[in-house]
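S.K.: Sequence:
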Amino acid sequence: MALSEFKNRSEYVQDDYRFKNPRRVLRIWAEKEYTNLNRMVRAGVKCPKPIRLRKHIMIMTFIGSNGIAARKLKDIEWIDQEIIYDTFLQVKEAMIKMFSDCNLVHGDLSEFNILYHENDVYIIDVSQAMDISHPRALFFLLRDINNVLEFFGKLGTKNLPSATELFNEITGLNMDPEKNLVVQVEHFEKDNRNVQLRCDKANPADMELRLYNAEVAETHNDLAEPYN
Numbered sequence: 001m002a003l004s005e006f007k008n009r010s011e012y013v014q015d016d017y018r019f020k021n022p023r024r025v026l027r028i029w030a031e032k033e034y035t036n037l038n039r040m041v042r043a044g045v046k047c048p049k050p051i052r053l054r055k056h057i058m059i060m061t062f063i064g065s066n067g068i069a070a071r072k073l074k075d076i077e078w079i080d081q082e083i084i085y086d087t088f089l090q091v092k093e094a095m096i097k098m099f100s101d102c103n104l105v106h107g108d109l110s111e112f113n114i115l116y117h118e119n120d121v122y123i124i125d126v127s128q129a130m131d132i133s134h135p136r137a138l139f140f141l142l143r144d145i146n147n148v149l150e151f152f153g154k155l156g157t158k159n160l161p162s163a164t165e166l167f168n169e170i171t172g173l174n175m176d177p178e179k180n181l182v183v184q185v186e187h188f189e190k191d192n193r194n195v196q197l198r199c200d201k202a203n204p205a206d207m208e209l210r211l212y213n214a215e216v217a218e219t220h221n222d223l224a225e226p227y228n
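Numbering (full-length UniProt numbering), first residue to last: 1 to 228.
Simulated from the structure, these hints should not be mistaken for lab results. These figures come from a predicted structure and were not determined experimentally.
The list that follows gives simulated cross-link-like pairs (lysine-lysine, DSSO-like), each with its CA atoms no further than 27 Å apart:
id, residue 1, residue 2
1, Lys74, Lys97
2, Lys74, Lys46
3, Lys92, Lys49
4, Lys72, Lys158
FRET-style restraints, in silico, Cβ to Cβ:
id, residue 1, residue 2, range
5, Glu82, Glu186, 33 to 41 Å
6, Gly44, Ile68, 20 to 28 Å
7, Ile96, Asn180, 17 to 25 Å
8, Glu118, Lys74, 12 to 20 Å
9, Asn192, Gly67, 44 to 52 Å
C-beta: ideal position from N, C-alpha, C; glycine also.
With the hints as constraints, model all of the structure from the sequences given.
M.R.: This is the structure in structure tokens:
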């Protein structure tokens, strides 16, 4: 990944403490992709299986047949409504598993980064995917939901849920369908962020330990090693 590509993804990491040092940027993107894919594989989410990571280069399994890569949802000629609806259900299930079993939100999910191969969907491009503890995770989840519903809506898919219904199903929350979902998400994130900030302010040592342990768990590296 080039540095210019990273700059285009700054919105995903501006609140992520791991990205304060630009010298680590390229390697961390690869580490995030590797770690996120491993989480997804363990949870049974269909995606490329990571094989090896070395610095900023990652090897993963190939999705496709006979050397021909699987097509993205946007490149499929969709005709059968039954197949289209089944595809939507698969995408929804992947989103639920990512949130509930992987503690992840994709953050950039759309027809551009979902592959379709032998009637199955595969989620790709997860370097920007964030843990649900990220202060803006629900905002990015809502954007994912809107992207997915917009794509399948354009295909004339019937019986699609509303954004609020899908949001509640994925998160287990109970947002009011009669109220503006964006406003509700903003308020929910703000309230929970304030609670965490108060806890961190009252217990700064606990905060540092929490962030340190999260980093070690994510990268499998001892961050203190360069200083010892």
